[in-house]
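Student: In case you want the letters, here they are:
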Amino acid sequence: MHINHTFNLMKKRITATTALILSGLLYGSPVAAEPVYSTMEEFMASPEYVKFIIDNLWILLAAAMVFIMHLGFASVESGMTAAKNTVNVTYKNVFILCTGILAYAFIGFQIMYPGDFNGWFGFGGFGIGFDSADPVAFLSPAYGEDMTIWTDFIFQAMFAATAATIVSGCVTGRIKLHVFMIFGFLLVAISYPITGSWLWGGGWLDELGFYDFAGSTLVHGVGGVAGLACIILLGARKGKYGKDGSIKPILGHNIPLATVGAFLLWFGWFGFNGGSVLSANPAEVSFVFVTTAISAAAGALSAMLVTKLFINKLDATMALNGILAGLVGITAGADVISPLFAAIVGSIAGAIVVFAIIGIDKMKWDDPVGAVAVHGVCGIWGTLAVGIFVAEFSVLTQLIGVLAIYGFTFLFAFGVFAALKYTIGVRVSEEFELKGLDMAEHGVPAYPNFAGVETNGFESPELKPVMDK
Amino acid sequence: MHINHTFNLMKKRITATTALILSGLLYGSPVAAEPVYSTMEEFMASPEYVKFIIDNLWILLAAAMVFIMHLGFASVESGMTAAKNTVNVTYKNVFILCTGILAYAFIGFQIMYPGDFNGWFGFGGFGIGFDSADPVAFLSPAYGEDMTIWTDFIFQAMFAATAATIVSGCVTGRIKLHVFMIFGFLLVAISYPITGSWLWGGGWLDELGFYDFAGSTLVHGVGGVAGLACIILLGARKGKYGKDGSIKPILGHNIPLATVGAFLLWFGWFGFNGGSVLSANPAEVSFVFVTTAISAAAGALSAMLVTKLFINKLDATMALNGILAGLVGITAGADVISPLFAAIVGSIAGAIVVFAIIGIDKMKWDDPVGAVAVHGVCGIWGTLAVGIFVAEFSVLTQLIGVLAIYGFTFLFAFGVFAALKYTIGVRVSEEFELKGLDMAEHGVPAYPNFAGVETNGFESPELKPVMDK
Amino acid sequence: MHINHTFNLMKKRITATTALILSGLLYGSPVAAEPVYSTMEEFMASPEYVKFIIDNLWILLAAAMVFIMHLGFASVESGMTAAKNTVNVTYKNVFILCTGILAYAFIGFQIMYPGDFNGWFGFGGFGIGFDSADPVAFLSPAYGEDMTIWTDFIFQAMFAATAATIVSGCVTGRIKLHVFMIFGFLLVAISYPITGSWLWGGGWLDELGFYDFAGSTLVHGVGGVAGLACIILLGARKGKYGKDGSIKPILGHNIPLATVGAFLLWFGWFGFNGGSVLSANPAEVSFVFVTTAISAAAGALSAMLVTKLFINKLDATMALNGILAGLVGITAGADVISPLFAAIVGSIAGAIVVFAIIGIDKMKWDDPVGAVAVHGVCGIWGTLAVGIFVAEFSVLTQLIGVLAIYGFTFLFAFGVFAALKYTIGVRVSEEFELKGLDMAEHGVPAYPNFAGVETNGFESPELKPVMDK
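Protein chains in written order, with the UniProt record's numbering: chain V, 1 to 469; chain C, 1 to 469; chain X, 1 to 469.
FYI, nobody ran anything at the bench for these hints, they're computed from the structure.
Just so we're clear, the structure is a prediction, and the values are computed from it rather than from any experiment.
Treat the hints with care, as some may be off.
Repeated chains share a single entry, so a pair holds when one copy, or any two copies, can fit it.
Unchecked claim - Cross-link-like lysine-lysine pairs, in silico, DSSO-like; alpha carbons within 30 Å at most:
no., residue 1, residue 2
1, Lys-176, Lys-362
2, Lys-435, Lys-248
3, Lys-421, Lys-308
4, Lys-248, Lys-176
5, Lys-308, Lys-176
6, Lys-248, Lys-364
7, Lys-308, Lys-435
8, Lys-240, Lys-435
9, Lys-238, Lys-308
10, Lys-362, Lys-308
11, Lys-176, Lys-240
12, Lys-248, Lys-421
Please put together the full structure from these sequences, using the hints given.
Tutor: See the structure below:
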C-alpha cells in the first residue's frame, strides 16, 4: 500500500510543483530521483537527512497551528451566537475535533490516500497504514519526500475535522446533539475523504488538472455546502424570520470571544496554507505567508467598506468574517497568485461575504455564524480565482472541480441529514430551543454568575439590527 | 559542572533511546561519539552545525508552546471556578509562572541537573551555570547533543512552574494569597527539582529503569499530589458540602474561557511531549505528535461517554477534563506506546478522570477544577501504562517510581502546608471567602460592567447539579 | 534596488554581530563572503541551502508569533477598558492590523529599507520590490543571508502595525473611528518607517552606533510617544478626572480577557525578540529567549511588589503591565544583556511602569490601558539600559537615538492629530461617549445577553479605586 500511497503523495506535490513552474513562481527544484535507503541508519547518515528533519518539523508545526484553528472555530461559533447555547457549542466542537482525529485515523486517511485506485473511490485499509516491519518505507523519503507517515497523517487529520466543524456553526442553536454527532462522524469518515481523494489522493480531478492548493473547495467548500444542506432541512431558529417576512438579527453574545477566534484562525491559516507546501522550501513557504496575510487583510478592509457603503454599518462581525473570507479565498491559490492579485482576491472575497450573508438570510436559510457564506461561497470564489488570475489554469476545469465536489457533498449531506430528519428527527423541541440548549440538554449554564437578559444588555432605543436595512 | 551536567542530560537521552530500540519503535540512531570542537568557529563550520540548529530551534519552539500551557492553566482555572475569584486566579497564575522561571533559574535548575551526584540529592550551584570562559562547553554538542544550555534551561523552566500552577487550581477560592506564594515557591525551587533529579537528572530512579518520558509523574503527578496535600489541610469551600452529606456543585463561571484553556493546553502539549524527544528527530517527534493527539481525543470521547452512561449528563467540563486526562495519561509513554494503544490509554484515562472527580468529591476533598483527578490520578495511570503496554518496561518499577515521587512530594507538601497552617494560617476568613477574593483581597471585581448573581444566571427549576445523581 | 536593500539588511546584521562580539556573547560567526549563485537550481543544490531553509523557517514562525501579539493587544485593550466600547476596540484593532500590513506592503517597507540613501529619508519605490526576472537576487543569500524577500517583508510587516495598535489603546473610548483610521494609516505608512530607516534601514543612527536590537524605541517607543501626543490633544474620558482634582478609576471590564492578552503578548515576544536575531543561530536565539523570559518574569514580580509597597494593592492589572514592562525593557538589548542583568532590567521596568502610570494619571493624561507607560516610558528605559549594562555601548548615543526618534514621532503625531482636531474634530460627542461607542457608532453591544451595570457589578462599600491612594 505504502508505495502507492507515496506515489499519490508525490503526485500531489509534483502537480503543485508543475503549477509553480508554469506560473513562473518556482525557481528550480531538485526533483531528482530519491536515493533508496535500506536501513534507517543509512538514511540518517545520509546528507539528505538534515533537510528531511526541517521539512518534517515544519509540517508538524503547521499541524499544531491548524489544530489551533479548531479553537478558533469554537470561539467564533460561540461568540457569534446566543449565550444560552454556549456549553452546547463547546461540547459539539470538542466532540467533532476528537471524533475527526480518530475517525480519520481508523478510516478516513486511507480513503483519502488509498494508493493506486480507480480515481473515484478507494480504500487502503483500516488504520494509518504504518508497517513496523519496513520502517524505511514510512519514515524516510521513500514514504514522502519530506515527511514521515506520522507527520503526513497528523497534518491531514487536523484538516479533516475542519469540514465538520464548519457545519457545527451552521446548525448551532437548534440541532439535536446526537444528530450532529452522527452527521459529523459520517462527513469526516466518508464524504470528506472521498472527495479529497479525487484531487489530493491522485484521483480523477488531479488527472483533469484541477488545482486547489490548500482546500478552498476540498476543505472549506465541503464544510460550507454540507452546512447549507443541513440548514435547509433543519429550518431557522425560532424568531429569526417573522411571518411578515422580516428578518430579526440574533446578536452574537460575546464579540471579544469571536475576535479571539478569528485571529486564531488567521494564525492557524499560516500553517494551513504554509504547511500545504508540504516542505519548508523557503521561496514557496514565505510566498504563501505573504499572499495569505495580504488576502486576509484585504478581505477585512473590503468587508468593512462594503458594509459601510451598502448597509451603512460599522460592523465588527462583518470585519471578522471579512478576514475569514479573504483567507478562504486565497487558500486555493496561495502558492500561485501574486501578492498584488492576492489583494484583489481578498478584496473581492470580502465583498462577496457581505452580500452572501445578506442573500442567504433573504433565502431564510438561517446560518447563525455566516459559515455558508464564508466557507461555501468564498470557497467557490477562491477556486475559480486560480483559473482567473493564473494563466496556466483553466476556469472551466476549476468550475468542474467545484461542481463535482460541491455536488457530491451536498447530495451526501442532504441524503444523510434527510434520513436522520425523517427517522429520529433532527431538531430539538421548541421548548428546549427557547430555553437554550445549555440548560435543556446539558443542565448547566455557561455563565452562571452573570445576570442574563432576554434582550440586549445595553439595549437602547437607537439599537438597529445589524443586517436589516 | 557542565560535563557532569551533560553526562546526565545524555544519559536521559540514552535511556530514552534504549527504550525506543527495545520497543522496536526507533530505527537507527547514529549515537556515535560526538567530535570535540575547540572553538565556536570550528563548530559552526562543521557539518554537524546545521543539524544542531534545527534540533535547538525545535526545543525553543517547544518551550514557547509549553509557555502557552500556563495561559491554558490560568484560563481553565478561572473559567471553571466562581467569577468572584477571577482576579485572584489571574494574580496567582502570573505570580507562580514568573516565580517559577526565576526560582528555577537561580536555584532549581542545578538541583534538578546537579551533574554527578549521589542519585538522591545534588546541587550544582546557584544560577544556570553558564561559564563564558568556555562557550563551546555550553553552546555546542559538548553540552547537549542537540541544544545549548540556554535552550535546555528555558525548556526545563517552562516545565518547572507547571507543577505549582496545578496546585493553584486545587486551592483556589479560599487560600491566603501569600500562603500560596510561599508554598508555590518552595515547590518549584526545591521539591520539584529534587524528585526530578531522580530520573531526568540521572539519579536512582534512572538507574532503576523507571521510565517517564515527559512527566506523567515527574510533572503532573507532582502537581496533583501536592494539590491533594493542600486541599486536605485547607478544607473545602464554604457551602460545598452540606451537613447532611450532600454535595453542592459550584459551577464554573465561564465555560468558553475554560474551553480556550483546554485547547491551549492541548496545543502546548505538542511541545511538552514533542519537545521531550530533545531533538527534532522526524520519526520520533512525529510519532509523539500522533500518540498525543490520539490519546487526547480518546480521553475526551471516553469522558463524554462515561459521564453520559453513569451520571446521565452531557457535561462539557468533563469533556474538557477528558482531553486533559488523555494528555496526562500518554505523557509518560508518548514515545513508546503505539497509536492504537494510545487510544486505549486515553480512553481509560478519560474514564478514570470521571470516577476520580466523583470519588474525590465523595471524600469531601474540594478540588474546584478537578486537578487532583486530572494530573494526580491520571499521572499514576499514565506511568503504569508504560509498564502495561510496552513489554520492555516493568509495571513494578513504574510503581516504585510513582510511589517514591508521589510519596516524597506528598510529605513535602503536607509538611510545608501544615507548618504554614499552624503558624500564619492558610485560609482566608469566611467573610472574605463569601465576598470573593477579588473584592476582599484585591479590591476590584473581574467583571465590573456585568450584573452578578449569587445563584446561576440562567437558572431554572430544571437545573440539576452536575455531579449529583 | 535590491542590492542596496540587501546591503542595508546585512549592515543591520553586521552591526548586531559586532555588538555581540564586543560584548563577548558571540563566539564565532562565519561571516565569510557569500558565494553568488546564478540560478535557483544552483543555490538549492549548494551546501548552504539547508541552513537557509532553517533560518528562513524560523523567521516565518517568528512572524506568525508576532502576528499573535496583535490578538494580545486587542485582548488587553478591550479587557482593560469598559464593556461599552468593546466592539469599537475590536473594529479598530482589526482595521489597524489589516491596514498596517497593506500600507507597509505598498508604501512603508521601501521607506524603511530604501536601499542606499542619505540616512534620513529614502524611498525605494512602491510595493515590496520583488523582481521576478531575477529570483536569485530575492530568494537566496544574495538578498539576505538567511531569508527570502517575502520572509523579510512579512516579519517586518507584523512589526509595523504594532506601533499603531499601541496608540489604539491610548485613545480608546472617545476617539472618532475614522480619525483613528487616518492617523493609524499615516503612522504605519510614513512615520514609523522613516524613523525605522534611521537604524534598521542603515541610516544615520546606525552610523552613530545607536543600538536597539528588536525595537524598544523603534517600535514600542514610537507607539507610546505617538499615543501620548494623541491623548494630550484628545483629552480624558468623561468622568475620569473630577473638578476637584480627584482621579476616578475606570475599571477594566474583563480581567481574564486582559490576562489572555498579556500572556499572548509574552508568547509572541519570543518571536519578536527571538526573530530579531534574523537567523536561527542557536547560541543567539536561545540566549534571547532566556533574557526575554527572565526580564518579563522580573517585571511582573517587581510591579506586584512595588504596587503592594507603595499603594498597598494586590493589583492584577499592574502585574500584567509589569510583564509587558519587562518585555519592552529587554527588547533593545535582549541579545547583549546577560540573564542576571536581564533580571535587573526587568525589575526596574516593573517599578517604572507603576510610577509612570500613576504619574501620567496625575498629569491628567488619560491613558486607559497604561500604554504610554508600558511602551513609551519603558521603551526609553530599555534603550538606555543597553548603554548602562553593556560596556561597548554609550548611554549618550542611546539617549541621542531615543531623543531623535521620540522627538520626530511626537512632532509627527502631534502635528497630524492637531490638524485632524482642528479640521474634522477628533472626539466623539459627549452623548456618544456616555452611551458607549458600541451602541453609538456600531449599533450593537458586545455582550447582548448580559445585564450591564453602570457601576461595578460586584461593588461593595469596601471597593477602593485601584490607583487612588
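Student: Indicate, hint by hint, whether the structure satisfies it.
Tutor: Now the hints, each set against the structure:
Proximity of Lys-176 and Lys-362 under a CA criterion of 30 Å is satisfied intra-copy only: 25 Å inside one chain copy versus 33 Å between copies. For the identical chains of this complex, Lys-435 and Lys-248 are neighbours both inside a copy (18 Å) and across copies (23 Å), given an alpha-carbon limit of 30 Å. Within a single copy, Lys-421 and Lys-308 get their C-alpha atoms only as close as 40 Å, which misses the 30 Å cut-off; across copies the closest is 23 Å, which meets it. Proximity of Lys-248 and Lys-176 under a CA criterion of 30 Å is satisfied in both settings, with 23 Å inside one chain copy and 29 Å between copies.
Taking the closest pair of Cα atoms, Lys-308 and Lys-176 come within 30 Å of each other only across two copies (15 Å); inside a single copy the shortest separation is 37 Å, beyond that limit. For the identical chains of this complex, Lys-248 and Lys-364 are intra-copy neighbours only, at 11 Å inside a copy versus 44 Å across copies, given an alpha-carbon limit of 30 Å. In this homomeric assembly, Lys-308 and Lys-435 come within 30 Å of each other (Cα to Cα) only across copies, at 21 Å, whereas the closest approach inside a single copy is 35 Å. Taking identical chains as interchangeable, the C-alpha atoms of Lys-240 and Lys-435 lie at most 30 Å apart whether they share a chain (15 Å) or sit on different chains (27 Å).
Proximity of Lys-238 and Lys-308 under a CA criterion of 30 Å is satisfied in both settings, with 29 Å inside one chain copy and 28 Å between copies. Taking the shortest Cα distances, Lys-362 and Lys-308 sit within 30 Å of each other inside one copy (19 Å), while across copies they are farther apart (39 Å). Taking identical chains as interchangeable, the C-alpha atoms of Lys-176 and Lys-240 lie at most 30 Å apart only when both belong to the same chain, with a minimum of 18 Å there against 33 Å between chains. In this homomeric assembly, Lys-248 and Lys-421 come within 30 Å of each other (Cα to Cα) only inside a single copy, at 26 Å, whereas the closest approach across copies is 39 Å.
The structure is consistent with each of the numbered hints, conforming to all of them.
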